[in-house]
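One letter stands for each residue in the lines below.
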Amino acid sequence: MAPHSGIKLDFGATPVWPKVLPALIWKGVQLTDFFTENKTEMIEVEEGASVEELLAEIYPKLKLVELSNLYKKTKEISLNLNWEFFCVKYGLRFSDNFLPTLELVANLPDEVKKWCINKDVSERDFAPLMALPVMQKGYKYLVGVVGFNPSRNDGVRLFELIADLVLSDADLHSLFAEAKNLNELSRSLWSVRFPLAAEQSQKLTELVKTLPWPLKTQARAVRVGDQSGVEVKMFIHSREDIRKYLDGLAAVDNVLASQNIQRL
Amino acid sequence: MREVGLKDIQKIYIEESAMHTPVAKRALKIFSQDKIELVTDEPYLLEKGNPSAKQFDRSKKELFITNFKGQFFKRCPGAKPGLTCCNYFVLNLGQQCNMNCSYCYLQGFINSPITKIYANIDQALVELSEVGQTLKDHSLRIGTGEITDSLSLDELTLYSRELIIFFRDYPKWRLELKTKSSRVDQFLDVEHAKNIIISFSLNPQNIIASEEHGTASLIARLYAAQKSRDCGHIISFHLDPVIYFAGWQNSYSEMIDEITSRFTPQDVPAISIGTLRFQPAQRHLMRERFGTKSLTLQSELFQSQDGKLRYDQKLRSEMYEFIRQRFLAHSREWNIFLCMETPETWLETFGQMPKHMRGLGEVFDHRITHKLTKTLTKKLTNNLILKRQSF
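These protein sequence lines are chains A and B, in that order. Note that this note's numbering has the first sequence beginning at 2, numbered continuously upward. Note that this note's numbering has the second sequence beginning at -15, numbered continuously upward.
Just so you know, nobody snuck in bad clues.
Derived EDC-like pairs (lysine to aspartate or glutamate); straight-line CA-CA distance at most 16 Å:
hint: 1; chain 1: B; residue 1: 298; chain 2: A; residue 2: 200
hint: 2; chain 1: B; residue 1: 32; chain 2: A; residue 2: 97
hint: 3; chain 1: A; residue 1: 115; chain 2: A; residue 2: 126
hint: 4; chain 1: B; residue 1: -5; chain 2: B; residue 2: 21
hint: 5; chain 1: A; residue 1: 9; chain 2: A; residue 2: 34
hint: 6; chain 1: B; residue 1: -5; chain 2: B; residue 2: 46
hint: 7; chain 1: A; residue 1: 64; chain 2: A; residue 2: 104
hint: 8; chain 1: B; residue 1: -9; chain 2: B; residue 2: 139
hint: 9; chain 1: A; residue 1: 90; chain 2: A; residue 2: 124
hint: 10; chain 1: B; residue 1: 45; chain 2: B; residue 2: -8
hint: 11; chain 1: B; residue 1: 38; chain 2: A; residue 2: 97
hint: 12; chain 1: A; residue 1: 64; chain 2: A; residue 2: 124
hint: 13; chain 1: B; residue 1: 32; chain 2: A; residue 2: 85
hint: 14; chain 1: B; residue 1: 277; chain 2: A; residue 2: 170
hint: 15; chain 1: A; residue 1: 74; chain 2: A; residue 2: 104
Far from chain A, some chain B residues (derived; all Cβ distances over 12 Å):
hint: 16; residue: -8
hint: 17; residue: 25
hint: 18; residue: 172
hint: 19; residue: 174
hint: 20; residue: 193
hint: 21; residue: 197
hint: 22; residue: 323
Derived Cβ-Cβ restraints for the label pairs, each shown as a range:
hint: 23; chain 1: A; residue 1: 51; chain 2: B; residue 2: -15; range: 46 to 56 Å
hint: 24; chain 1: A; residue 1: 138; chain 2: B; residue 2: 30; range: 33 to 43 Å
hint: 25; chain 1: A; residue 1: 261; chain 2: B; residue 2: 287; range: 23 to 33 Å
hint: 26; chain 1: B; residue 1: -10; chain 2: A; residue 2: 181; range: 56 to 66 Å
Derived by calculation from the structure, the hints in this document are not laboratory data. Every residue gets a Cβ at the ideal spot worked out from N, C-alpha and C, and that includes glycine.
Please model the complete structure; the sequences and the hints are all you need to start from.
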């Protein structure tokens, strides 16, 4: 039996090893139970078994962040693992990008990692950040985003905006300092990333306010994909309503015609 | 950056079964022995998943000369619901391109980390002959520049020469060789049936410098076009992708003025224009490979009806209209059409759909293509079964 080398493969896995069980050692490296003080009972697992198989047995479910921590930890102790094995085991796609993604995730701030675990963020969701191998100056903005606890979709979308803006050397400091909630932050980031569209939207919003919409109509400027326009909501319960709305919309059309506006 | 060429190729893999082909024999003569490796299987087959940035970069510098076992001849991918398509067929004689445009759609399309050259062009010509048995008298438009540049590696393959000779027997068909290179000298001496379109994708020089890495300069492309025209070939220009940036009007105006100073509308029967577009999934690879200093990555793009990212429709219409008017200011004879655009953009730019426009009616008449596609599909499926049996 190899003596315990004192090396603990503590990679912050969420599943906690039951206290009643002895800790497991593989070739002198402790694989489980890192929190129990003075654990005296340890079992050396069969030396012939692969460490990948052992880890997969011990941790039947690991998320990407946990795997990234495992990657970082094994690099520190120069333990080479077969990562294709883990991809198969945990239902991930192995490619040339996989290990760089683990490297990236392993170096994210703890707050971001925690959010990624909670929201089950996938390998593909980190793709926007791959252009930023050393994104130290962008990390604080990622922390700022997860501070608002966005949904996975919103968070990943904002990560991409931040990646684009940081790569463009945009100064986001004041924008983050001023944002009071996720919606404000999201709108501000979008406006900086898409200045032409934001200006167009602003103009359209101003125009919509000046138009003589029929009473009880809600009109607002919206973007649908690659087109901007006006969404109009109306409630109709009689033909008379229809007639009134049509008359009202004709008045809107007249104003647009007088200003020679062909499209919104 | 200078135009890339054969000297930039770092490694050539030749599949043993393709060794006897003319293109493999030429490769053995052109490249030094240390660059060539004979293989029985496709290189990098063990590499899994979509190519990473590193693998994609490498794929542009390594060639795999192999026999293609699939169907060479296909309908253009522009033929999709939601787009107004110009009825076009493609003959794929390779895959991947040795040039390196930041916006290239192959970044979202290619899943093989090497440039492929299909050595069995004789099979492709057999496929075309089969089509010719029933459709020789129809007006087919066929291009070779869909998933590779038609001419950038043509000094090695010399496929242009074989195709021009083949198309002599099909005077009603038109072959389009589409390129961003200036490599035309290798086929200018070949007698042709005036049915070869030498087609150049054009952009202002500042866009070429910042986005179209390793391609020929604007002036070199225009000079190659002049040489092709002077040998009696039809010339076509694709202003595609038109890219937005502050001052785009000046750059595109200067380019259009340069074009119109060298060519007449009679030299160039059609000019297509299309604005920047690509599949959303490829943006991550683009960002990794080119960063947001690239104008394409800085662009404000939104998902369009067909799922691709495009400029705002209003901006697209403005750009199309500006370019069209600039050409028409030189002569009302210039024939401009849109490539892979939505019906709404056609209507906004031209006020009508292309099938109702002078010079474009037949090109965009889908009844003709549906008839051709039906006949072709039946014929090509039968051929493919026979071909696979012979491999």
